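So you can see what is in the structure, the chains are spelled out below.
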Amino acid sequence: METTNMQNRLDDLFKRKKHGILSVFYTAGFPYLEDTVRIAEELEQAGADMIEIGIPFSDPIADGPVIQHSNNVAIGNGITLGIIFQQVEVIRKTVQLPIVLMGYLNPVMQFGMEKFVSECSRTGVDGVILPDLPVDEYVHRYKQLFEHYAVRFSFLITPTTSEERIRLLDACSSGFIYAVAASGTTGVRGAFTSDQQVYFHRLKEMQLKNPFMVGFGISTHATFNEACRYGSGVIIGSAFIQALAENVQVSGFIHAVRPK
Amino acid sequence: MMRYNVDLNGYYGDFGGAFIPELLHANIEELRQTYLTILNDESFQKEFIQLLRDYAGRPTPLYFASRLSEKYHARIYLKREDLCHTGAHKINNTIGQILLARRLNKQKIIAETGAGQHGVATATVCALMGMHCTVYMGQLDMERQHPNVERMKLLGATVVPVTSGNRTLKDATNEAMRHWINHPKDTHYIIGSVVGPHPYPDMVARFQSVISQEMKYQLTEKEGNPYPDYVIACVGGGSNAAGCFYHYLDDEQVNLVGVEAAGKGVNTGQSAATTALGKPGILHGSKTLLMQTNDGQVIEPYSISAGLDYPGIGPLHANLHKTGRVEFIHATDDEAMKAGLELCRMEGIIPAVESAHALAALSKLSFDNDDVVVVNLSGRGDKDLETYIRWNMKQ
Ligand SMILES: Cc1ncc(COP(=O)(O)O)c(C=O)c1O
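So the protein lines, in turn, are chains A and B. All residue numbers for the first sequence refer to this note's numbering, where the first residue is 1 and numbers rise by one. All residue numbers for the second sequence refer to this note's numbering, where the first residue is 1001 and numbers rise by one.
Pulled out of the complex, with its shape left as it was, chain A reads as follows (with noise of 0.2 Å):
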């Protein structure tokens, strides 16, 4: 197997930038098959730090109703792992934000494990999220071949993890891990309970190796900066996809969670 360039940009924008870390997820292929390289070129210029692209999936278990959405809608439109892929190219032409893919398993076990980190590598991608996988599997079958490709692999963690399998995660995670704010799917809540608050800051005080980045339920300027003040930033999805929906410029979301 060759190795491709090892520098990953997930290592230098974590290195370089230790809060207030903008990411925004969105499904690939919604809401049209070819919007994923205009969002993407659009959220570099709005100023997002980094971009997750959700690998679409007829099941998404862990979705609310807005990502379950786009997810239909793009495999209505037609997208797939392969032509995910190229648009990645495609992006990677102008857009320089590490570009994260997460999704559930199965699509990805059809296209095939190998074949997809060596596309990712390929293609320019620099972290993977696959919260189905269980880490036990990942560990035994696929970390060498994600280290081999130096593509990272970010574990999720939740409100109910315990410290020792916070622990765990955290060693086989890469690049960063993925604190999930509130135990429930994915979907827009509002402030922060004194729960929420006393998990992050344990958290924090856990001095883990990876740095974290806290998602789920996050849409406002207000939760972004307080989930800003633990972590070394913010996942952004439901919110963001149903401004897609509603056809909110792209910049305008942005500038609202994060103004300039």
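Worth flagging that the hints you see were computed from the coordinates, not collected in a lab. Keep in mind it's a predicted model, so treat the numbers as computed, not measured. Incorrect hints may appear among the rest.
[Stated by the list, open to error] Label pairs and their in silico Cβ distance ranges: (1) A:His148 - B:Asn1009: 24 to 30 Å; (2) A:Gln86 - B:Thr1323: 37 to 43 Å; (3) A:Arg122 - B:Ser1043: 57 to 63 Å; (4) B:Glu1042 - A:Arg122: 57 to 63 Å; (5) B:Leu1365 - A:Gly112: 37 to 43 Å; (6) A:Arg92 - B:Leu1365: 55 to 61 Å; (7) B:Gly1348 - A:Glu114: 54 to 60 Å; (8) A:Lys115 - B:Asp1054: 55 to 61 Å; (9) A:Asp136 - B:Ser1043: 32 to 38 Å; (10) B:Thr1293 - A:Glu41: 28 to 34 Å; (11) B:Asn1105 - A:Arg38: 47 to 53 Å; (12) B:Thr1158 - A:Arg141: 38 to 44 Å; (13) A:Lys115 - B:Gly1348: 57 to 63 Å.
Backbone N, C-alpha and C fix where the C-beta goes; we use that ideal spot for every residue, glycine too.
Keeping the supplied structure of chain A fixed, place chain B with the ligand upon it in accordance with the hints.
What follows is chain B with the ligand alone, placed relative to chain A:
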């Protein structure tokens, strides 16, 4: 019977496991760590056996169907799960799981349902135990199994219509899992078949294994031999099949036959015959055979029977298929409906449309005259009256 059972990591050969998002990890891990201890506990066993007997009406009869036997030139028995309280085998599992949920101090129960039999069986045990019950059911299934919707409501359950996807069992399961992700602490999810992440497939199979446990001594009484030549069951997710195969898995002289729903025909694109059409994949937390596109999107199945309208099968069945231990065949809507009507007219028993698929196997297999054949009659057809009437009118 170790060869076909789940291993320590939750796998059946290549299939099984627990492919769940971290959001469900605490719940699944709690189940994994406690289920065997709870199930093997003496007080649990005592309560489980007593409820199966006094409440569900077990043992169910093993009935020698003489007219069917004459027609198919074999000694055909029907295992009468249709005579269980609530009308199907599903109650064996819900009694087991509600007792488990109480020992885990859960106050609320959720379930998915296709035909509504599992929903009714869940609503029933929730009423029995005074627990809060929410059942997710595809909107299409709510229409075609309307009597069961009303039964669930009468029993005090909330039935939530699911409008995503094909509005059937797969979608109801997605929605139940989402509910569990959103309410992880106080809620137990009673899965209705041998599907889902480990330890569900093993747990449900154990609760249903009472079926073959009874068959063994009933056959000894009637035939002087616990081993039939054939055991036949329909396979949706595979819980009734798992239950009637369970104690015969290591007795290779017993031919085990699983019957899947071919819908309008295996190659019509309107079918639910997973072993014929599926490839290994991951759905609802386990690696199993799955009907899917080349891109890994799950294909919406079709069957006249709401209980068989599922794009996968339990991981233990995927392994039984791969190893060849169980022969999987399929029956179309028409074949099943004919077999169902035949049972009405020849034996005076109206079977569930699901179970009618198992009966359809009788004309597909060839028997020797003295072959002992057990068909698992997983449920009764009261819920399917409309389907029978409509099918009859079309003829
Ligand atoms: C009567 C009956 N038989 C069979 C099934 C199929 O389920 P399984 O394959 O888990 O037995 C159902 C499901 O609803 C049912 O109601």
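Query raised in the report: So does B:Gly1348 sit 54 to 60 Å from A:Glu114, Cβ to Cβ?
Result: Given a distance of about 59 Å, which is inside 54 to 60 Å, the answer is holds.
Query raised in the report: Lying within 37 to 43 Å: is that true of the beta-carbon distance A:Gln86 to B:Thr1323?
Result: holds (40 Å)
Query raised in the report: Is 55 to 61 Å a correct range for the gap between the Cβ atoms of A:Lys115 and B:Asp1054?
Result: Given range 55 to 61 Å: holds, Cβ gap about 57 Å.
Report task. Note whether the CB distance of B:Asn1105 and A:Arg38 lies within 47 to 53 Å or breaks it. Result -> holds (51 Å)
Query raised in the report: Does the hinted range 28 to 34 Å hold for B:Thr1293 and A:Glu41 at CB?
Result: holds (30 Å)
**Report entry** Pairwise beta carbon distance, A:Lys115 to B:Gly1348, judged against the given window 57 to 63 Å
**Finding:** Check passed, 58 Å falls within 57 to 63 Å.
Query raised in the report: Honestly, do A:Arg122 and B:Ser1043 meet the 57 to 63 Å range at C-beta?
Result: The hint (57 to 63 Å, Cβ to Cβ) holds, given that A:Arg122 and B:Ser1043 are roughly 60 Å apart.
Query raised in the report: Are B:Leu1365 and A:Gly112 spaced within 37 to 43 Å by their CB atoms?
Result: At 39 Å between Cβs, range holds.
Query raised in the report: Are A:Asp136 and B:Ser1043 spaced within 32 to 38 Å by their CB atoms?
Result: With Cβ atoms ~34 Å apart, the hint holds.
Query raised in the report: Is the gap between the beta carbons of A:Arg92 and B:Leu1365 within 55 to 61 Å?
Result: For B:Leu1365 against A:Arg92, whose Cβ atoms are near 58 Å apart, the range 55 to 61 Å holds.
Query raised in the report: Okay, B:Thr1158 versus A:Arg141 on CB: inside 38 to 44 Å?
Result: Since the Cβ atoms of B:Thr1158 and A:Arg141 sit about 41 Å apart, the hinted range of 38 to 44 Å holds.
Query raised in the report: Do the Cβ positions of A:His148 and B:Asn1009 conform to the proposed distance bound of 24 to 30 Å?
Result: holds (25 Å)
Violated hints: none; the structure is consistent with every hint.
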